[in-house]
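Protein chains in written order, with the working numbering: chain A, 839 to 1271; chain B, 839 to 1271; chain C, 839 to 1271; chain D, 839 to 1271.
Where hints are given, some of them may not hold.
Derived CB-CB ranges, DEER-like [what the hints assert, rightly or not]:
1. A:Asp856 - B:Trp1086: 46 to 54 Å
2. C:Lys1257 - D:Pro962: 39 to 47 Å
3. A:Glu953 - D:Tyr848: 56 to 64 Å
4. B:Asp1212 - C:Ala1159: 40 to 48 Å
5. B:Thr1247 - A:Asp976: 30 to 38 Å
6. D:Tyr848 - C:Leu855: 53 to 61 Å
7. B:Thr1184 - A:Met839: 23 to 31 Å
8. A:Asn1100 - B:Ser851: 38 to 46 Å
9. A:Met839 - B:Asn1108: 52 to 60 Å
10. B:Arg1253 - A:Leu1112: 38 to 46 Å
Derived by calculation from the structure, the hints in this document are not laboratory data. Since the model is a prediction, treat every value here as computed from it, not as a measurement. The C-beta atom is built at its ideal place from N, Cα and C for all residues, glycine as well.
Each chain, letter by letter, is given below.
4 protein chains.
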Amino acid sequence: MRDPIHSYIYIQSPVILDLINTKEFQRLRRIRQLGTANSTFHGAEHSRFTHSVGVYEITRQICDTFQRNYPSKGNDGLWDNRERLVALCAGLLHDIGHGPYSHTFEHIFGTNHEELTAAILTSPETEVNQVLRKVSPDFPQQVASVIQKTYPNQQVVQMISSQIDADRMDYLLRDSYYTGTNYGTFDLQRILRMMRPYQDGITFHISAMHAVEDYIISRFQMYQQVYFHPVSRSMEVILNHLLLRAKWLFKHRQFKANNTPNLLLPFFENNFSLKDYLKLDDGVLNTYFIDWCDNQDKILCDLAQRFLNRKPFKSIKFEKATQQLIPQLQLLVAQAGFDPQYYTATNNCYDLPYDIYEPGKNHQVTQIKLMRDDGSFIELSAVSKLVKAITGRFLGDERFFFPKQMLKTNPLFCRKFQKYLKNDWLIDPASQV
Amino acid sequence: MRDPIHSYIYIQSPVILDLINTKEFQRLRRIRQLGTANSTFHGAEHSRFTHSVGVYEITRQICDTFQRNYPSKGNDGLWDNRERLVALCAGLLHDIGHGPYSHTFEHIFGTNHEELTAAILTSPETEVNQVLRKVSPDFPQQVASVIQKTYPNQQVVQMISSQIDADRMDYLLRDSYYTGTNYGTFDLQRILRMMRPYQDGITFHISAMHAVEDYIISRFQMYQQVYFHPVSRSMEVILNHLLLRAKWLFKHRQFKANNTPNLLLPFFENNFSLKDYLKLDDGVLNTYFIDWCDNQDKILCDLAQRFLNRKPFKSIKFEKATQQLIPQLQLLVAQAGFDPQYYTATNNCYDLPYDIYEPGKNHQVTQIKLMRDDGSFIELSAVSKLVKAITGRFLGDERFFFPKQMLKTNPLFCRKFQKYLKNDWLIDPASQV
Amino acid sequence: MRDPIHSYIYIQSPVILDLINTKEFQRLRRIRQLGTANSTFHGAEHSRFTHSVGVYEITRQICDTFQRNYPSKGNDGLWDNRERLVALCAGLLHDIGHGPYSHTFEHIFGTNHEELTAAILTSPETEVNQVLRKVSPDFPQQVASVIQKTYPNQQVVQMISSQIDADRMDYLLRDSYYTGTNYGTFDLQRILRMMRPYQDGITFHISAMHAVEDYIISRFQMYQQVYFHPVSRSMEVILNHLLLRAKWLFKHRQFKANNTPNLLLPFFENNFSLKDYLKLDDGVLNTYFIDWCDNQDKILCDLAQRFLNRKPFKSIKFEKATQQLIPQLQLLVAQAGFDPQYYTATNNCYDLPYDIYEPGKNHQVTQIKLMRDDGSFIELSAVSKLVKAITGRFLGDERFFFPKQMLKTNPLFCRKFQKYLKNDWLIDPASQV
Amino acid sequence: MRDPIHSYIYIQSPVILDLINTKEFQRLRRIRQLGTANSTFHGAEHSRFTHSVGVYEITRQICDTFQRNYPSKGNDGLWDNRERLVALCAGLLHDIGHGPYSHTFEHIFGTNHEELTAAILTSPETEVNQVLRKVSPDFPQQVASVIQKTYPNQQVVQMISSQIDADRMDYLLRDSYYTGTNYGTFDLQRILRMMRPYQDGITFHISAMHAVEDYIISRFQMYQQVYFHPVSRSMEVILNHLLLRAKWLFKHRQFKANNTPNLLLPFFENNFSLKDYLKLDDGVLNTYFIDWCDNQDKILCDLAQRFLNRKPFKSIKFEKATQQLIPQLQLLVAQAGFDPQYYTATNNCYDLPYDIYEPGKNHQVTQIKLMRDDGSFIELSAVSKLVKAITGRFLGDERFFFPKQMLKTNPLFCRKFQKYLKNDWLIDPASQV
């Protein structure tokens, strides 16, 4: 298979080919990887399908390198090639539980893509499960446990999920390529060459330090530049409010019979099956949104149009000190005729670009270890000044969203509103005098 | 706007910005540029929106170059900058009339994207028309006439449609980038630099010969490699048969009330409005296909699943001499339990990579003229041996499609069927003895 | 080793590492791959060293693919891995006999880089020979015979020299990268994947047809665009005349004692040793040219300045019919005060982009064979219309070079001269009336 | 002119074309940009010529952007287009004073490329000066003053030399391209678009923050990875010692008459003219080194061979605490028969990746200012956490160099020597017990 990131994706095992041909996996073609981000970066129209085969390919290359350079001869902490198939399947299927606009959808309907991934792997009704079961009866559960990080072999687990894994490496390169930014590039080939298995997981030779550092910095930059972009987040806010409104209308029986969004009903009723979930994709949701553009509920109709026709809210950053001013802003928005519940929002985006292990911390992570010439380890941020600078700090911002109409010069409450805005920040007009 | 092909797309005119923000244009985000091709080249998930802004950007660059280097001082055949806006709008909107899976959809429902483009531009009910009318009352019609090639200024017409125009240059580069093939690349910057307006349209300085030649060859290679790929064509065959079956079922009143594909009804009834058409996109069609996977009509259900879950037909090439054998193959397919009307097809794909003007020919084209140092013209194929080799010849192939199941080793009629196949060609088994 | 074309060059054998570290190989760092071409394409400053390690890397990748996919089990026409080292060494060393500005130098001094390659490999005085001999006493001769195409295993020979070999594939990609043109690109990875050994050499699976076709076309375009560029050829003409003049001056004892170009003496005297030859590089020749800029011989001094300071001759194309006019042009050049022997030249450049085997022909070549699904072969130009168009035809041009001063508007003989020039062609002014 | 970094370099002014055609500028073709670095990164064979035209091209693009977007209407701190030519010439010529292996050569012979640049511009004997004088009598001095940073218009000065100037932007992109590393890439086009002139120099719109940050980080990474590479520094150490030895031999009259390196004599005698300097290039120096390979002085001969045939010294890092151990190491090297004066060295490489203005500091720099929406400025490190982390800190290392032979297992003093080495650091063997 031709691929713009990896040139080719080599499928050597019939199990992998059969998994790709299942309907659950083909469904990923109809779910965009970056959700609303292509409203900002129009090139970013790639799907979770494309990313998933990319993660498979990187996993395959890691397995090949490990088998070529570090084959285990038994109990030596090196690579046991019998782990290959479970690693490849986990790489390919790690995102199989994602649905349309996952983040927002989960928030509104209480679904959980990680549980759904496990369900798709282990439920006998799916084609994916049928393919996996042919390998062995407990194979579906094994693949699921890799994704859940409970699999005993930490090398396999860390390949798929750690601070530098096949998933992240593929999405950085791919999102960078499709958005056309060049922040996400790093030297994949060198990182792969310098990876090596050891007793407790995966390490890198010290000579890969700069390549690994560059990967961490690239990741940090992609978050700042692409994933946290205010316009994409604004579109997500609108989507969130749109689904919330639909849920409210359903609860209050305001959908007419011939307009019922049939495929969403089980979710409105909070009583859905795996089969219901697997029918959803971006197109299904958008089809309802198109329908709602003619709905007699003004808010539903307006938000649907804003979402489909890309009319994002505007936004400003705020901090603890200015957060208390937000109710004043919401009041002015209400004066302009917009229900603040549906037409304003606060939204924060924080990323922990890299972290080290500290006993007692909330977010326990597998830190990146480099192996020196004499076989001893050193943790990445101990040798990289750049990584050190961003280690353990949550970076991001908190934003307040509001309709663009508030930026008009008239009427008066608009001008009042704008006194709270300066250089992309929420300020206290009182303190400016 | 960030763009992977042109780095940035520069929107300098508020008219262009307003056009991009219309709902008719935003709808292009939900229609993939290459239809079914991403079943073969999984990276090719880009939309007509992305391509359209790219065509705008190339048009803008041509206008800038013309204005910088060849500004008209009146009646000298050079560039009149008052043509700029009509050119930019035509470049941006040339594909606005496309719907989901255009080629097949048109074939089944008799829609015509060129007429629909004109309708969207000139119908007072569209947002696009409202934006264009603000420029001047006859501006919508002017833009339409550029796309219909009836606009008086041939420089503007040829920018948008000729054998080397902004449309083709963008889609070659873009499709090449997103598929990850490198056949479609050529030196856009040099071609743009060497373009120049003259009395009867657009010409190129002779020193651009190799760049233009490379563009023609790249185009030829993209057709052979990507656009004519048998698997994509096979998916199109399935889509065609699926919609045909749906139409047949509708005609014979086999759709149950609660399963009616509402948004398609006007097309089944051959009585649709522009508003009906503008509600369609890839996701809407796919949503019906998802629904049809549970339909009790076995053929509809099976074809919908094949389309959604990517189960292409197999195919072989045939020529005039072997065409007569196809009924024999269809008979064997029928024996296997597949209705040949829905499970086989012939499909041809031919491209005319480059052509010269010859009085009396069917396909009249604007040939590519190069300007020599002394101001005289010479036609491209007269100086390029490579272009000469493919000028005026239709290149492509004709294929017969059938279910993959015919390649099994059992039962007997499968083995019989396979006697007709050799090295991707249909052969006469009788002649092989 | 980091490489811009192949990302990394992997040295796995100590023999290869030792060969790279010999002084004869390190000397290639000081000889530019494209000779005078960087006067036209200023980016093309790469050396034969860089190209040679690239050829090694492609050869290594071919050997790896062959060993992985087609390991011989004895007398089956597949790949015998004992051939690996001889192939790698031949790939690395195929250009070791090249000196500075090879083409011109050979022409003037009668050296022969192929013979010199063999001498460097087999002469006991070189470090290269010492490294090779450690493998086995007859190993130097074996490597030499691969380069001379007399080695019995045709798979090894064709890897290094055939119409699609590691040498050509590296230089096309590399020259394209460094010149910044994009004509030389093709899908190396696909070609390598689809290569396979067979009894009589190397073949390609039919599904590589388009990639191989693209390689042939790319090669054709690089010749037309880069290798045959008139300005580079003009610089070569100047170099040729400069060395000719120096030889003449030496013969007529016009070099003063303290100005003798010591390292060139053995070549003036036509009595040079291998050691003499290995002292030469681009810098040595240029150093003499710098010295000659102060020489009292006006022609030597002027040509040296033209070469070093890039003052190329102008040129026009001519054909058989107009060749007879050249003496008239030379007469006018002489009237302008330029000795036609040193200030004019004719120079032809022809390439045979692809050829097929025909008994009785002069240029016998190994044609490119594609293997079909049933194991039968088909020759490339039989399936590719583009390749067919350029098969067996010598493509290129013949040019007449003259000083730029002839293009001035005065005096009269310049204006007379210019009557012979039209649109880059030599014409007969008499026939224009 | 085709260029791999900027696609094309557009020469629009005859002054620029004439400058490129001077012999002083053409000489830059024969001087490699990165000196000894291509011994580590073999692709890095590009010359100062290539870089210089690149700096010109970026300068041209800045001038174009300034003139298009910020043309001065008198005394408004915007761009005065009469400054264009002086900016372009300064960009093109900023490196004209460089000679072969500049850094080392200057160190040994006390030349100064900045003074030499001024001399080449202002001395009436050079072709460069003759071209510049045609513009106006004081034009050569004006161009020189831009390069010396004394020119009154700070916009022009900062274009050519500041923490983010045309010089640095070109060499980062170019060195990255030719080495094949991808650390040096950043979004040139965005930076150029967001640059704007103001009263005191050049600033950037705040929305370019991430692009500017990325440039600073890229620069930091290139220093760490490429410019400070221990092997290149080792080759420079050898070159330094080689020239030192030659100077010593000359001083002690050890060069035979027919072996005198004529073109170096004026430098040995510390009595050179501009004309002498302009005869030097990489090739001239290498030609002497080739000659010295046969010299009877063993040290000169050995160092020349090490330099030409790439036999670098090995090295380890040390810090203040371990510096005192170096004499012990030198003693062991001497025991191995190597004169420590010529066979060992310490060498430090430090870079100040970014700095802010602080009154009273030694290294006063123009800090990077970003302009916010309300027109106020903010300094880069105040908004970028990554830049903050490396601001004002010298980053790099100090290394001790020694012959590779010290790493052999025998004799005893080698094993003793190795006790001082651990994980690329100099350690105190006594403290390890």
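Hint by hint, here is what the structure shows:
1. A:Asp856 - B:Trp1086: 46 to 54 Å: This hint is violated: roughly 33 Å between Cβ atoms.
2. C:Lys1257 - D:Pro962: 39 to 47 Å: 41 Å, holds
3. A:Glu953 - D:Tyr848: 56 to 64 Å: 59 Å, holds
4. B:Asp1212 - C:Ala1159: 40 to 48 Å: Between Asp1212 (chain B) and Ala1159 (chain C), where Cβ atoms are some 20 Å apart, the hint is violated.
5. B:Thr1247 - A:Asp976: 30 to 38 Å: 33 Å, holds
6. D:Tyr848 - C:Leu855: 53 to 61 Å: 44 Å, violated
7. B:Thr1184 - A:Met839: 23 to 31 Å: 27 Å, holds
8. A:Asn1100 - B:Ser851: 38 to 46 Å: 44 Å, holds
9. A:Met839 - B:Asn1108: 52 to 60 Å: 40 Å, violated
10. B:Arg1253 - A:Leu1112: 38 to 46 Å: 40 Å, holds
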